[in-house]
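If you're matching them up, the sequences are chains X and L in order. Each residue of the first sequence is one higher than the one before, counting from 11 in the working numbering. Each residue of the second sequence is one higher than the one before, counting from 4 in the working numbering.
Hints in this document: simulated from the structure, not taken from any laboratory. Source: prediction; values computed, not measured. Glycine included, C-beta positions come from ideal geometry on N, C-alpha and C. Don't take every hint at face value.
Claimed, not checked - Partial selection, computed: residues in chain X whose CB lies under 10 Å from chain L: (1) THR22; (2) THR26; (3) ARG30; (4) ASP39; (5) PRO48; (6) ASP75; (7) PRO78; (8) THR81.
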Amino acid sequence: MPNKSTSQMTATALRTDDDRHYVVRSGVDYQITGANMPPAVYAQVTLIPAASVLTLNATPVLVVDPAPVGTVIIPLRAAIQFDNGTADYAANTTLAIGSTSVISDTVKSVTGSIADRLVPNECFAPSGIGAFSPSIAEDSLSARVETGNPTTGDSDLVITVWYYLRELS
Amino acid sequence: MQSVRIEDLPDGGMYEPDDRFPIQRNESGVWNDYQTSFTRYYGDVIRVKFNWDGSGAMIETITCPVGKLLVMLMADVVFTPGPAPTSGLIQMTILQGGNSNSAIAELYDTALGQGSLFYLNSETSADPWRDLDQDIQISTPGGGFSGSSVVSVIYALIDPI
Numbered sequence: 011m012p013n014k015s016t017s018q019m020t021a022t023a024l025r026t027d028d029d030r031h032y033v034v035r036s037g038v039d040y041q042i043t044g045a046n047m048p049p050a051v052y053a054q055v056t057l058i059p060a061a062s063v064l065t066l067n068a069t070p071v072l073v074v075d076p077a078p079v080g081t082v083i084i085p086l087r088a089a090i091q092f093d094n095g096t097a098d099y100a101a102n103t104t105l106a107i108g109s110t111s112v113i114s115d116t117v118k119s120v121t122g123s124i125a126d127r128l129v130p131n132e133c134f135a136p137s138g139i140g141a142f143s144p145s146i147a148e149d150s151l152s153a154r155v156e157t158g159n160p161t162t163g164d165s166d167l168v169i170t171v172w173y174y175l176r177e178l179s
Numbered sequence: 004m005q006s007v008r009i010e011d012l013p014d015g016g017m018y019e020p021d022d023r024f025p026i027q028r029n030e031s032g033v034w035n036d037y038q039t040s041f042t043r044y045y046g047d048v049i050r051v052k053f054n055w056d057g058s059g060a061m062i063e064t065i066t067c068p069v070g071k072l073l074v075m076l077m078a079d080v081v082f083t084p085g086p087a088p089t090s091g092l093i094q095m096t097i098l099q100g101g102n103s104n105s106a107i108a109e110l111y112d113t114a115l116g117q118g119s120l121f122y123l124n125s126e127t128s129a130d131p132w133r134d135l136d137q138d139i140q141i142s143t144p145g146g147g148f149s150g151s152s153v154v155s156v157i158y159a160l161i162d163p164i
């Protein structure tokens, strides 16, 4: 069977821990598993219309699709950008991102502010014991506003979440 | 000539910065062959992993070479549940140089798989990282948890100015 060059192979969008990579170390051939390669950092962008922001406490919005079977999402950071609108959001302006099935005021992974529509905000892991909650395997991530819904404000939000996937052992 | 498949080769374990691997690049419609290194292709960082079976305390050390600064960039842990979860809390700690400040990851011993970043225990103390010659130590309290965990740490070594 003739050998295929890389460019002739079937493309795959998936990455698994059991993938094998060929490397040469000090002149010797080795294989390295996908689990032992640098992690791939993914990003997902979601637009949340202003009307949905005003209900974002009661109705969280999905911002990262469910993790594939046997994997868990590790969120690194997120960015909040504001689109259109003329008035800042008032009251309840802490936005949290966490696993959809468990997200609450106390269970979340990264948080940021939606108080100032003129300033893009970064969501990051809060400090302190109990401040950061683990992600749940095979779950998605959702964005939620803490405490209650914002009372006013009219900007759409563009949420970018950077994350990577880890396989359960 | 008998072809050798990748899975036939010896396991090289974790990648090393100077490992070489082939790539192909499309240049003006022609696929050309190249080799590159992890440092050049993925960046100048190192990744290590530690397994913890939950049966006893874990203490693992990342040694900082003398004269270097070891800077932790990111760390995470994945917990895979075992058959008899205890609902207990697993609190993992990362210390550098015995500093009172640290990073932590908290997982619950449940029937659900989980993943977590290590995040700062406190942001009120002095900078907890980037001390010359200082190792990183990852530890857990005693065992008794039903499940296994894999800790992944990504760090860089730099020369002090």
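Do the hints match the structure? See the list:
1. The beta carbon of X:THR22 comes no nearer than 15 Å to any beta carbon in chain L, farther than 10 Å, and the hint placing it at the interface is violated.
2. At a threshold of 10 Å, the smallest CB-CB gap from X:THR26 to chain L is about 13 Å, leaving the interface hint violated.
3. The interface hint given for X:ARG30 holds, since its Cβ lies 4 Å from the closest Cβ of chain L, which is under the 10 Å cut-off.
4. The interface hint given for X:ASP39 holds, since its Cβ lies 5 Å from the closest Cβ of chain L, which is under the 10 Å cut-off.
5. With a cut of 10 Å, the hint placing X:PRO48 at the interface with chain L holds, because the nearest CB-to-CB distance is about 5 Å.
6. Given hint, X:ASP75 at the interface with chain L, is violated; its Cβ is 16 Å from that chain's nearest Cβ, farther than 10 Å.
7. With a least beta-carbon distance of about 12 Å to chain L, the hint placing X:PRO78 at the interface is violated under the 10 Å criterion.
8. Evaluation of the X:THR81 hint against chain L yields a held restraint, the C-beta minimum of about 8 Å falling below 10 Å.
Violation of the numbered hints given earlier is confined to hints 1, 2, 6 and 7; the remaining hints are satisfied by the structure.
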